[in-house]
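Novice: Produce the complete structure using the sequences and hints provided.
Okay, here's what each chain looks like letter by letter:
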Amino acid sequence: MTVTAPYRSALPAGRDGITRTLRAEWTKFRTVRGWMITTVAAALVTMLLGLLFAVGSRTSCSVGPVEVACPAVPLGPGGEAVQDRFFFANQTLTGDGSITARVTSMTGVITYPPPDHDKLVSGLVPWAKAGIMIKASAAPGSSYAAVTLTGRHGVRMQDDFTHDTAGRPGGVTAAAPRWLRLTRSGGTLTGYESPDGTRWTEIGTARPAALPATVRAGLFVTSPSDMTVKANTMGGSIVQARFTQASAVFDRVEVRGRASGAWRGDDVGDDGGKTDWERYHRPSGLLQAGGTLTVTGSGDIAPSRDGVRVESTLTGVVLGLILVIVVAVMFVTAEYRRGLIRTTLLAEPRRGRVLAAKAAVAGAVAFVTGLTAGAVAVPLSVAVLRAGGNHVLPVSPLTEVRVVAGVAALFAATAVLAVALGALYRRSVAAVTTGIVLLVVPYVIATASVLPDAASEWLTRLSPAAGFAILQSIPEYAHVTGHYTPSDGYYPLAPWAGMAVLCLYAALALGLAVTRLRRRDA
Amino acid sequence: MEAIIEVDGLRKRFGRTTALDGMTFTVTPGRVTGFVGPNGAGKSTTMRVILGLDMADEGTALVGGRPYASLRNPLGHVGALLDAAALQPSRKARDHLLWLAHSQGLTARRVDEVIELVGLRSVARRKAGGFSLGMRQRLGIAAALIGDPPILMLDEPSNGLDPEGIVWIRGLLRSLAAEGRAVLVSSHLMSELQDTAGHLVVVGRGRVVADTSVADLIETASGGRVTLRTTARPEAMTALARAGATVAATGSDTLTVSGLPAERVVTLLAEDAVPFSEVAAHRATLEEAYMDLTRDAVDFRAAGQEAAR
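First to last, the sequence lines map onto chains A and B. At position 456 of the first sequence (counting the first as 1) the number is 985 in this note's numbering, and the numbers step up by one without a gap. At position 32 of the second sequence (counting the first as 1) the number is 309 in this note's numbering, and the numbers step up by one without a gap.
Keep in mind that a hint or two might mislead.
[As the list claims (entries may be wrong)] Counterexamples of contact, computed for chain B against chain A with all Cβ distances above 12 Å:
id : residue
1  : Arg288
2  : Gly317
3  : Ser347
4  : Ala361
5  : Glu390
6  : Gly424
7  : Leu449
8  : Glu456
9  : Leu546
10 : Val556
[To be verified] Where chain A lies over chain B, by a calculated footprint (3+ residues, C-beta under 8 Å):
id : region
11 : 329 to 339
12 : 363 to 370
13 : 425 to 437
14 : 506 to 515
Hints in this document: simulated from the structure, not taken from any laboratory. Just so we're clear, the structure is a prediction, and the values are computed from it rather than from any experiment. C-beta atoms are modelled at their ideal positions from N, C-alpha and C, and glycine is treated no differently.
Specialist: The following block contains the structure:
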């Protein structure tokens, strides 16, 4: 036997580290044209479906046969669309001061409620409001703070539409009146309540965004629609709303500070439309008899739910996600199908690292895809919608960024989940099917109003479809009556909490996949 | 790193089938070691265990003194070709090598070097899915060489190669070994290894049945037998048996003599004046030697298959 000197390679050794595994996986990904094309398609389908929806949507308003510009929707101080309709008996108040009033009665009427829808019923809806308010002006959407008695939620202090603080519960009777007080000191307003006008309890303070030196201080009453939800035999639910009105009797009203002294009535936010009830029975307004003021009103002071939501431009996301699932699954299963996984594991025997790199690459590609799709689809489609006369509920730039980033996060987390499923099943069809069943199917059935509301909510709380909450642009407000279900665009979990659920699934699946990859022969 | 593969006492079962049953051998640098045995003898499983792809129930397999899985620059230590069909069909040949290079922190320049080395330059930018088996083998060899490793393990590399390709790969393997690399080449056909391998590890039924040089193996298989052609068979048998040889009639005028060297046979026959037309020291072919060694394993398998039916 000849003895030869052992071989020494002249090739410089590459540096160890996860980056080279990542680079190798990225090289793998980009060199399969089908995967790149599908990835681009995922972005395109996401953009185009939203754009198609935007182009196809037109809203026009008319008075009789004449088309007119649609009335502007009032915006609150925070920029959100609001409903600001109530009757306001007020005086001007300059500088610091306070308003105090005793409420001795709060009554209301609900028109034609179930079961038979044939009667006018006296009663108050839960968020009917009667109380005192300091508001920048009588213009809808202007800044305010109020201390108010409600139909069923006791005394509350609210300001600038979105803020609500609970006071004491209970209603009002002549025998047990409720005293309310609101004081202004610079930019700070403090709300109090009392059972007797002597012992006062602070409810809270508010700093409304924009209060001028001279404000309106006074009494207000409003009453939102009565809403009932009934399960539809075809699945989902039917929401019905009907006109309601509230009246409250105030006395011992005292405005301190530099006030105008005389009461004036403002039908804030009145659009001229009147119901038969208001026309023939009882209009909104102020009745003054000595020191007793009776105020009647209808409407709501709350963030508006009516309009097109920013995320409705993202209907294509579901289709985009299906393509993301397909590509991310194939990224793994194609290697199993051809036995290429062995070559991969020869190049990097640390199996956890291999799968982590695959997940990272698929996730990063999906993130960029989603970010591009969202960053184009959302602003463009919203602009097209607005150009078509549609009322798109405005959101803050930060929320819009979150929605766009949400598309990216949704794509990325889904890709990671799909990589894990691919590694667990090692077969494309089973992995893609599972991915769709876990993510897309729960989303579709929860939002298509085929399930009872409670089931839809649990589905979007527990399944990976919870992640879609990241796209919700209009938050749910506990102090605003509404039908808050996934089919209306309201998810039970907060945006990032929902996203966290999806991420948890992805992390869990990836962990499981790593464990299995380590244990099994390749 | 030392260019050496040490396999010691590997055992592995797949369910009720024993795939490896105490597999033990060492592959040393500077020569091509043929790893030969019938299909199902455990060659591929052994290779996968050495490469950390499969886990053995017992025993150790080390490359350069370390388990493969602990290597931080694995393709710079060991190059392997297990399955030439393990390619993403829609990926170009060059890109297949490129991701492998990137996985080791190497650049595209090394990719072009190995493409040149295996003679795939003209098709490097074509999709691997369109490659013939022979081209895939070349691509697989290029992949094995990407890290310029001192150890090479090739599973059935001649499969699907045309005669020109076979000549090429033999030359390549010999030159790689001559550079001081340890080269382990498996095959189920001894003839493929006959001209290439300097050393043989013959396996059957999950264990080594012979670990020897090619020359020794033929020597053993030949067993010092002499073939004698004579018209006087009985006389020849008597004369040789008297001298202590074992004689067997293998034809109407041929005898096979064991236990005596050819010169002694000639002397004895001449002394007794027995006529003969030819005395030849029998030299077994490598194929015969291999068949001898592995007959048991093959028989066993056939019997097993029948029993299973």
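Novice: So which of those numbered hints doesn't the model satisfy?
Specialist: Those not satisfied are hints 3, 4, 5, 6, 8, 14.
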